[in-house]
Structures are given as C-alpha cells and as structure tokens.
Amino acid sequence: MSTQLPMVEVRGARKSFGAVEVLKGIDLSVDRGQIVAIIGPSGSGKSTLLRSINHLESLNSGEVWLDGVQVNQKLHGQAFERHINKVRQQMGMVFQHFNLFPHLTVLENISMGPIILKGMTRSDAHALAHSLLSKVGLADKIDAYPSRLSGGQKQRVAIARALAMQPKVMLFDEATSALDPELVDEVNAVMKQLAAEHMTMLIVTHEMRFAGEVADRVLFMDGGVVVEEGPPGDMFRAPQKERTRTFLKKYLSA
Amino acid sequence: MDFSLMQRVFPFFVEAALVTIEITVLALILGLAVASLAAAAKMSRSAILRTIGTLYVSLFRGTPCLIQLFVLYFGGPQIGINLEPFAAGVIGLGLNIGAYMAESIRGALVAVDRGQTEAARTIGFSRFQTLRKVVLPQAARLMIRPLGVNTVALLKGSALVSTISVVELTYTAQSFIGSTYKPFEIFGVAALLYMIMVYAVARVVDLLDKRFAIV
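Quick note, the sequences are listed as chains L and V, same order.
The first sequence: position 181 = 161 (this note's numbering), numbered continuously.
Quick note, this note's numbering runs 384 ahead of the 1-based positions in the second sequence.
Note that these hints are calculated values from the structure, not bench results.
Remember, predicted model here, so these are calculated numbers, not experimental data.
There's no promise every hint is true.
[What the hints assert, rightly or not] Pairs of lysine-lysine residues, derived as DSS-like cross-links and limited to a Cα-Cα distance of at most 27 angstroms, are as follows: (1) K66/L x K148/L; (2) K517/V x K148/L; (3) K517/V x K98/L; (4) K66/L x K517/V; (5) K230/L x K4/L; (6) K121/L x K594/V; (7) K517/V x K121/L; (8) K98/L x K148/L; (9) K4/L x K229/L.
Using the sequences and the hints given, assemble the complete structure.
As structure tokens, then:
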C-alpha cells in the first residue's frame, strides 16, 4: 500500500509575498525513485515551490505531503516545531550557495546532523561521513574547513551532508547556478550517481541539457503555474505550449 | 611641569584606577547579561518582548548616562531604592552599556547569513539547536570588536560615577586639585592611566579576535 503512495505530493499550493502571488495553485506528484526537474524563467515560482515542500516557505493554502505524512500540518507552536523538525530530517536540501557551516570542518558539517538528531555514535557518524565523502570523491578533504574548498567541492560536501541524514527525497535548488562552468560537471556527476541509485529527487535547474539527461519528468513553470510537464524527450523536442517553446528556444540555442 | 608631584600622587592614582577597573568589570558583566536578554527580546517572535527590548534600548541610548546615574542615585530614594554610590555606579553604568551591547549582539546575530539558518533547519535542527550550534559560533566572532568598542566606552564613561561620589580615578584626581592647584599634572596622570587601561582592553580584544577567527 505505502509503496503506491507518491513520495512527494503538492496539492493546490498557493503562496503570496505581499501583493504578489508567486504560486497560483500548483499540483505535483512525485513517485518513489522518480526524478523531476523544474525549469522556468526567474521569478516563475520554481524555487518557492521547492522551498515550500521543505516548509522554508509556508503556503497560504494547499497541502504538501511527504510519503503519506502532511508536511504543513495545522499545528501550532511547539507541536508544529517538533513535527517539522522530524519531517525535515527525511528531506535533504541542497542550496545554490552551498550554505556549509564555515566554523566546522567537512567532517563536522556532515556528522553533526546524525550525531545530534539521530543519536548516532561519534565513530559511526564519522564512518558514515567518510563513506559519503568517498562517494562524492572528497575523502581527502575530511578535515578541511569549507573556506579551503572550491565551489564544486563545497557543493559536493553539501550533498554529502544532506545524504548523511538518509533522506527519502533530495531537493536541489539551483545547485550548480553559482558554480564556475568548469565545476558544474563534478556536481552533476554526483547527482547522476544518486539518480542511478533511484534516489527520489526534485531538481530546480537552469541547465536544460542536464535536466534532459537525468530527469524522468520535466515541469515547466511560468508566472506561478505549471505551464506544461512531461518526459524530457517530448518536452524538449516538441513542447505543446507557446510559452514553453519561447523559453526553451532561448535556452537550447545558447 | 611638576614631575615630583606627579610621582608622589601616582601610587594613590594606581589604587584609584583599581576601583575604576573593578567598576568597569562589574558593569561589563551586568551589561552583557542585560544585553543578551535585550537582544533576545528584540529578536523574539513575541511582540510584547520586542517592545520591551526596544523601549529599554531607546531609553538608555536616548538619554545621557549622567542623567541615568542621577535618576538612580539621587532619585532612587524617593521611590524606595537606596543604593550605595558604588552599587548605583555599577548598576547605572551596566544598564547604560547594556543597551549599546544589545545592539552589538543583535547586529552580529543578524549578520550571520540567513542561508546558515536555512541549512541547519532543513537538516532538522530546532530553532534553539540552530542558534546554539550554527548561528552563535559565527556571531560570537562578529560581536567581539563591537563589544570591545562598547567596553572601551564603558571604561572611559566610568569617570561619570565620580559625580555620585564613587571614589575612583577621576574622583581621586579631582580631590587632589584643591590641595595642589596643579590640574595639568593631576589630570595628566589620570589621563595616562586611562590610556593604559584602554590599551589593555584593546589588546585583549585583539587576542579574542584571533582566538575566535574562523579559518
């Protein structure tokens, strides 16, 4: 039964910042192991949608569900705080600007979540950190501080930090947008590896080629609505809507 | 210049400077405690606490420290608060500098990138864990210099308590004027001692700054 539930589900999501409505009723369902890329122009609401899934933005109306549990439950005060802290442990989030903790080493960045929140022993957490760092190709940086790393290395550590909580889903918010072009591939390679391991992923991105390679489904958002969605092959080869065509033309020719 | 006079009064002044240090340290401890509470209040989600914090800071930054000391020491007995000069001095200076330090602390907390809080929260850390493990360690470093500036201001401002008859460095200097009529030498020695103390504070701030540096 539970395997038939979508891993992530968004129903009728609406969100305004002041007078500006940035999400105008979004519905989205992501199956276990599915990879969905969200594309669209700046200000289309794609980052806000991703952040709402994690409750970094709270919706004005609509529901967000993770694996059968409602994320934005109508709880108040400490009860909601406890609930959301539990739910967030099951979602990994990767940011455009990495947001590694600069006062902690790579090892500490990765292991503090499992140690403090999951009660993992120090040595288990260190072993976990080590194996995750090997996976992202940075085992030799385990004792480095973030300031000593390149952008691509920082983002790979950030991915390892998110994975350390053994999340059910990974949310990528323009993970490669702040990187120098030559560093993008090393981060994309890690994401592809996660895809091969059937991690459920939502990827907000400006990189159409990467979205085409890795995603099962592509969502095109504009003006706070999902304009069009479908498998990347169809979307990129034969977009149905005029707005999608205009947007893709600009990106694919570049 | 009467150097021999300066030499003769010097030991008395050093003793008086110790009182200045004592007042400064006690007022600093009180100020830091009050400032932490006021900064927390100003950043609280409760509107009432935010108002209390804002009122405290505006009141103590918006009026002269001298008036605050007078209200406390001379006005206090009228409302049943009878304080010794020394206690009134420490409390008055502490409450005053606390208002400035509250802003130094709040400024440092606000200066830590929002992305740090977001990253911690998305891992699943509570507000308190995020503050304790992620924001404070980074803010601590950012508040060392501003708090150092506040401490120097406190040290120099402690001269004001001479007006409510606390026998510290400035009071002692004044008490020698009547018998010597040599204000240049007398206040010169006092100034020199203040400078030495300010320099010491600056050195400590430098050391702390190095100690807490993020690699």
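Inset, instruction - Return the numbers of the hints above that this structure violates; sort them in rising order. - result: none
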